[in-house]
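Protein chains: 2
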Amino acid sequence: MDYIFSDKISSLKPSAIREILKATSDPGVIPLAAGNPSAEAFPVEEVKKITEEILKEDPILALQYGVTEGYNPLRELISSYMKEKYNIGKESDSIIITAGAQQIMDLTTKVLLNEGDTVICEAPSFIGSLNCFRSYNAKLCGVEVEADGINVEKLEEALKTEKNVKFIYTIPNFQNPSGVTMSLEKRKKVYELAKKYNVLILEDNPYGDLRVSGEHLPSIKSFDEDGIVIYGGSFSKILSPGIRVGYVIANEKLIAKMTVGKQATDVHTPMLTQLIVYKWMKEYDFEKHIEKICGIYKSKLELMCDNIDKHFGDKVTYVRPEGGLFVWCRLRDDIDMLSFCAEAVKNKVAVVPGTAFMMNADDKTQCFRMNFSTPSDEKIVKGIEILGNILSKY
Amino acid sequence: MDYIFSDKISSLKPSAIREILKATSDPGVIPLAAGNPSAEAFPVEEVKKITEEILKEDPILALQYGVTEGYNPLRELISSYMKEKYNIGKESDSIIITAGAQQIMDLTTKVLLNEGDTVICEAPSFIGSLNCFRSYNAKLCGVEVEADGINVEKLEEALKTEKNVKFIYTIPNFQNPSGVTMSLEKRKKVYELAKKYNVLILEDNPYGDLRVSGEHLPSIKSFDEDGIVIYGGSFSKILSPGIRVGYVIANEKLIAKMTVGKQATDVHTPMLTQLIVYKWMKEYDFEKHIEKICGIYKSKLELMCDNIDKHFGDKVTYVRPEGGLFVWCRLRDDIDMLSFCAEAVKNKVAVVPGTAFMMNADDKTQCFRMNFSTPSDEKIVKGIEILGNILSKY
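If you're matching them up, the sequences are chains A and B in order.
The opening position of the first sequence corresponds to residue 82 in our numbering, with each subsequent residue numbered one higher.
The opening position of the second sequence corresponds to residue 82 in our numbering, with each subsequent residue numbered one higher.
These aren't lab readings, by the way, just hints derived from the structure by calculation.
If chains are identical, the list can't say which one is meant, so a pair holds when it fits in one copy or spans any two.
List time: in silico EDC-like cross-link candidates among lysine to aspartate or glutamate, alpha-carbon distance up to 16 Å:
| no. | residue 1 | residue 2 |
| --- | --- | --- |
| 1 | K89 | D198 |
| 2 | K276 | D83 |
| 3 | K94 | E150 |
| 4 | K89 | E196 |
| 5 | K171 | E157 |
| 6 | K277 | D83 |
| 7 | K334 | D83 |
| 8 | K220 | E243 |
| 9 | K241 | E273 |
| 10 | K129 | E364 |
| 11 | K445 | D417 |
| 12 | K276 | E306 |
Assemble the whole structure, with the sequences as input and the hints as a guide.
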C-alpha cells in the first residue's frame, strides 16, 4: 500500500541528534552529542528501597489505573514545594503530572494551536520542543538568543508583526543548546511583552536545579499575576529521565483543557513511577542529592571549559554556562561548521551541528553543541583534545 | 486572561465515564461503571520480585533515557510471540512499545489524519478512542454493530460515500462497550473492503486474551498481506493498567512515522515499566496467569448475566459476551434510558449511559454499559438486584 501521511507529520524528520547518536552508538566514539545525565547522578539505592516499599505497602495502587491529572499526593507535594521555595503557583493555578517534560510541549500545543498558528521560540532552541510544535503544523518564528537571553527588541518586533502568535517558548535557565541564562531584567520584559500582546508564555525549566555558579534568578512564572505563564518542570535531570515524570503548573482553565488532552493521549502517567517520585521527595533529602549532582556537573563543566580554553584557541568563542548540561561553541567565520562536525565524527568524537536547533535546517549558524554530563572525565579531556587537533588544521 | 483554545480541543469534553466515576467515588456506590481490572487479577508477587531484580541487576538501564521505539529485547520478544502464536506481523512490519494502548490511537491519528478527515468507527465504540480522534478534529462516521460485529453492508456504503476516510477503527474481540465479537466472515470482509477502498484498519485488541467461552478467532492483522492493518495490543488487562504499556505492530513505514510522532510526544515509554513487562513475559508463565484471570472473569461474567436474567425480566435484552469486561444492555423502548441511569445513581449503582459511546451525544440509544471486573461478587449481585427493582417500576 502507498501510505499518505498527514500534512503535519509528512515533513517531520527524526531528531538530528537521535540520528547522530545512532550513527555513533559505537562505544569507541566519544559522546559529546548526547544529553543524558551522568550515570553517577542517579540515586540508585534510594530508588531500590522506595520501589520495594511501594510494592510492599500498596501494590494495587501502583498497578491499578490512576486519574489523568496524576497521583494527588504528588500533585500537592510538588505544588506546595514550588510555591514555598520558588513562589510558583497561585490559588487559581493547578498541576498535571506529565510523561516527562516533553508532554508539556505536546499538551500546550494541542490545547492552544490551530494549524498554521505561530510559536515564538528562542533561536537556537531545543529540537525536541521544536519538533513537537512542528508536529502540529505550527509556524516557528525564531528570535535570537544573546548572552543574557532572548533579544527583547526583536521579540517585540515579532509580536507586532507575526500573525496568530499563541505563545512564546523559552528555556530561561541554561538554555538548550546555548547554555545561556536569561537576565532578571529580560525575564520581566518578556512577561510584560506577553501581557501587552496577549500571548502566553511556555516556560520550560528542566535544568533550573543544575546551577553550578552564579545566583539563582526567579522564574518568569513567579511574577505571573495574570495567568499568562505555563510552567514546566521535570525530574529527568535530578532523579531519572528513564522514568519519564514531569509536571506542568498553569491556570486551572488551561490545566482543565490539558487534562482532557492528556486523557485522549495516554490516560495517565504510570502510577509506579509517580509513586517513586512522591516517596523520593517526601522521604529523602532530595535537595542534598541535587547538591551532589551539581557538584559532579560543576567539575565536568569546568573540565570541559578549561580544556576548550586550552585547545581551541581563537577558532572558537563561547559563553561559559552557569549550569545545565551543554556548552555552545561558535566557530570562527572562516571555518565551515558542518564539515567540522563531520570531521569530528570521522575522528570518533560526536558533537551536534547547530543547525539541528534552528527554526529551519537551512538557517545559517557557525555553532555546535557539546554535552559534558554523559562522557567520563577522561573522555571529555580526550574529546576536546581531538577537536582541538582538527581545529588546528584550519 | 481570556484563553482562546484550539478548535480541536474546544469542543472536547472530559470522558462521561470519568465524570460519572468522580460523582460516584463515594465507596457506598456500587461501581458497575468502571473498567478496571479486578484487584485479584494482578500478579503482585511476580512484579515485586521482577522489579527488585531489575533494580539490582541493571539500575542504570531502568533509570537512563531509552530509545523511542522501546526497549529492543521487549520489542523482539513481543514480535516473535505474536508471530508464533497469532501469525501477527510480517518481515515488513515493525513495533513500538507505547504508553498504554491509548497512545496507539493518538499516534495513528497523528500520522494519518488531517483535520476534517474521516474515521469510520463501530457505533457504539470506546469513548477514549473516539475522544482521541475528536482531539484531531476528525469527522467520526459510525457504523452499527450487530451481534456478530459491524454491519458490513453499511460499512461499504460509508466507504463509498464518506470523503477522506483514512482508517476504520475496530475492536473485534469483546468490543467496548457492546461486548460483541466480530465473526471470522466479517473480519475477512472488513479486510477486503479496506483493501478495495484503499483505507487502513486500526485493529484495537485490548481484551483479546480475556476469552471465557467460545473459540479464539484469528485477528484481522493475521490476514494482512498488504500492510493495511495497524494492530494494537496492551498489557493493561493481563498485567497492569497502571504501568501503561502497550504496543503497536504495523508496516515499518507507518511505524517510522509513528516513531517520529512519539518522539515529539513523550520521547519514550518509561524504561522501568518496559523492563517489568519484559521480565514478566520472559521469566514467568504468563499464559498461566492469563488463564487464572480468565477464570476470575468467567465467574464474574456468569454471575452478572445470571442475575440479569433473574432480575431484569423483559425490560432488558442483551448478548451474553464470550469475554472482555462489559455487558451491554438494551432497555425496552418505553423506558427512558437516561432517567433510568440517573435513577440507578440515585440508588447508589453506577452504570454508563450508552450515549457516552455514540459518535454524537444526541445520537439515540436505549443501551447502557455495565462492568463486572471491578465490583466484588457481592456488589454484582446487590447492584443487579437494585437495578431490577428500579426496572420493576416501569
